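Undergrad: Here is what each chain is made of, one letter per residue.
Number of protein chains: 4
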Amino acid sequence: MLREFKLDIRVRYNETDGQGRVHHAQYLNYFERGRVEMLRASGFSYKELEKGGLMLVVSEIRVRYLLPAEFDDDLVLTTRVLYARGARLEHQYQLHRGSDLLVEADTEIACIDRTGKVRRLPNYLQFSREVRE
Amino acid sequence: MLREFKLDIRVRYNETDGQGRVHHAQYLNYFERGRVEMLRASGFSYKELEKGGLMLVVSEIRVRYLLPAEFDDDLVLTTRVLYARGARLEHQYQLHRGSDLLVEADTEIACIDRTGKVRRLPNYLQFSREVRE
Amino acid sequence: MLREFKLDIRVRYNETDGQGRVHHAQYLNYFERGRVEMLRASGFSYKELEKGGLMLVVSEIRVRYLLPAEFDDDLVLTTRVLYARGARLEHQYQLHRGSDLLVEADTEIACIDRTGKVRRLPNYLQFSREVRE
Amino acid sequence: MLREFKLDIRVRYNETDGQGRVHHAQYLNYFERGRVEMLRASGFSYKELEKGGLMLVVSEIRVRYLLPAEFDDDLVLTTRVLYARGARLEHQYQLHRGSDLLVEADTEIACIDRTGKVRRLPNYLQFSREVRE
Numbered sequence: 000m001l002r003e004f005k006l007d008i009r010v011r012y013n014e015t016d017g018q019g020r021v022h023h024a025q026y027l028n029y030f031e032r033g034r035v036e037m038l039r040a041s042g043f044s045y046k047e048l049e050k051g052g053l054m055l056v057v058s059e060i061r062v063r064y065l066l067p068a069e070f071d072d073d074l075v076l077t078t079r080v081l082y083a084r085g086a087r088l089e090h091q092y093q094l095h096r097g098s099d100l101l102v103e104a105d106t107e108i109a110c111i112d113r114t115g116k117v118r119r120l121p122n123y124l125q126f127s128r129e130v131r132e
Numbered sequence: 000m001l002r003e004f005k006l007d008i009r010v011r012y013n014e015t016d017g018q019g020r021v022h023h024a025q026y027l028n029y030f031e032r033g034r035v036e037m038l039r040a041s042g043f044s045y046k047e048l049e050k051g052g053l054m055l056v057v058s059e060i061r062v063r064y065l066l067p068a069e070f071d072d073d074l075v076l077t078t079r080v081l082y083a084r085g086a087r088l089e090h091q092y093q094l095h096r097g098s099d100l101l102v103e104a105d106t107e108i109a110c111i112d113r114t115g116k117v118r119r120l121p122n123y124l125q126f127s128r129e130v131r132e
Numbered sequence: 000m001l002r003e004f005k006l007d008i009r010v011r012y013n014e015t016d017g018q019g020r021v022h023h024a025q026y027l028n029y030f031e032r033g034r035v036e037m038l039r040a041s042g043f044s045y046k047e048l049e050k051g052g053l054m055l056v057v058s059e060i061r062v063r064y065l066l067p068a069e070f071d072d073d074l075v076l077t078t079r080v081l082y083a084r085g086a087r088l089e090h091q092y093q094l095h096r097g098s099d100l101l102v103e104a105d106t107e108i109a110c111i112d113r114t115g116k117v118r119r120l121p122n123y124l125q126f127s128r129e130v131r132e
Numbered sequence: 000m001l002r003e004f005k006l007d008i009r010v011r012y013n014e015t016d017g018q019g020r021v022h023h024a025q026y027l028n029y030f031e032r033g034r035v036e037m038l039r040a041s042g043f044s045y046k047e048l049e050k051g052g053l054m055l056v057v058s059e060i061r062v063r064y065l066l067p068a069e070f071d072d073d074l075v076l077t078t079r080v081l082y083a084r085g086a087r088l089e090h091q092y093q094l095h096r097g098s099d100l101l102v103e104a105d106t107e108i109a110c111i112d113r114t115g116k117v118r119r120l121p122n123y124l125q126f127s128r129e130v131r132e
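Chains A, B, C and D are the protein sequences, given in the same order. Be aware that the first sequence starts at 0, since it is given in numbering that gives the first Met the number 0, and climbs by one per residue. Be aware that the second sequence starts at 0, since it is given in numbering that gives the first Met the number 0, and climbs by one per residue. Be aware that the third sequence starts at 0, since it is given in numbering that gives the first Met the number 0, and climbs by one per residue. Be aware that the fourth sequence starts at 0, since it is given in numbering that gives the first Met the number 0, and climbs by one per residue.
Chain A with its partners taken away, still in its complex shape (with noise of 0.2 Å):
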């Protein structure tokens, strides 16, 4: 499992809003996008994951905005596993247009079942030891 990885992304003109910036609740699902890529180019994938029965919930998320996105930007999104055991991940992402660094974010993802019971990540997303340090 990658612990970091880089997407590219062009903002998509509904994406903007009548400020002619990116809406500022976009940017979740630019880093869920993040998330989802990361695991495919790990080799796995986010759609298998939950036909076996287990979600990725967010439970927590802090956003920092710091230089408006536009449409049209070509974008650069890093995600980062910070933690990855038990039942918990922890992500980091910052977006970059160029050099400018215009939004960073960590969220908590909890992995729980349909009922949504907490449970165990798979062995493929757990991490031996604590990158974190």
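Hints are not guaranteed to be accurate.
Pairs involving identical chains hold if they fit within one copy or between any two copies, as the list cannot separate such chains.
As the list claims (entries may be wrong) - Restricting the straight-line Cα-Cα distance to at most 25 Å, the calculated cross-link-like pairs of lysine-lysine (PhoX-like) are:
1. Lys-116 - Lys-5
2. Lys-116 - Lys-50
3. Lys-116 - Lys-46
Hint data in this document are derived by calculation from the structure and do not stem from the laboratory. The structure displayed is predicted, hence computed values, not measured ones.
Got chain A sorted already, so can you dock chains B, C and D onto it with the hints?
TA: Only chains B, C and D this time, still in chain A's reference frame:
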């Protein structure tokens, strides 16, 4: 079952786009609200219908955009049922701001079950004879 | 200017995702509605504020997701202003379904003009002294 | 200017709804991407066109939904220009998953300026004669 229903809609910020207008895809969400709220006003619940194993899916839509709606506009959506027999529903929509007609649309909707198979509409949604003439 | 405001929110179908729950990014749109409607209930208009050349932009957000909301749920969003001085606003949000607390959040908001320059909040948005203590 | 363009689209999680399928309004965002990317592949930029004071707005859309798309599906959108003269564009869209046709649509688009006045399309968007016949 009502055959016509009026719903007040206040335009939300996240529904506008970089042109400062409601994004053209958002109107389809308004029409969906019109159908759900007309059902509720008739004493039924779309949520219960889905719990019972049926889904209403849009099979065709036609929209004519005449004038743009903007953030914070107070709109009135009129939803009419034109046809409701067998597995098929037809609705017509008119979205007004004051006396100005902004958007007109019509949809065809099919009733299916969770496997995707076409199913007869529940009795309470059926019209005994066509309204259209 | 009100310091606390309650808003009824009915979950729309297009706000749910493949898990049958409200997508976690959608709650940010609810909080935005809370701010806009609190302003309206206080006798002011966010639309007029933007027409006057000022914009309120979210600079930081923290969200804790405790329980999922589902399609058609009847929710109550409580929005509180914690701080409103200079160019900065702080809000806190609690989203309930009945007595269940589903989501808690807080935001920091900056007042800027169309060029992106930080600007003092209009007087009617300022608190004479901090509420927070 | 290209008259036909194929775009790969990967379905994002936030584009699905409680039925586990792509929400029917989301396809309009795919068609918009098709137009924007076809313009880019032709050497032009929709962003620059808007900066120059012109906007392309959808005045009519017709969509036929044949089969549902799901999360993570790999789709191919074919966008065709049928007509491009005066102030009017007509496009046709076909969305496939493998050999399955999922959605078909066509749109009429008007070119306007910031005041909403109808304006002639830029020369590079005009066809010398109709393609349609």
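Undergrad: With reference to the structure, classify each hint as holding or not holding.
TA: Evaluated hints:
Taking the closest pair of Cα atoms, Lys-116 and Lys-5 never come within 25 Å of each other, the shortest separation being 32 Å inside a single copy and 31 Å across copies. Both within a single protomer and between protomers do Lys-116 and Lys-50 lie at most 25 Å apart by alpha-carbon distance, with minima of 16 Å and 21 Å respectively. In this assembly of identical chains, Lys-116 and Lys-46 lie within 25 Å of each other by CA distance both inside one copy and across copies; the values are 19 Å within and 23 Å between.
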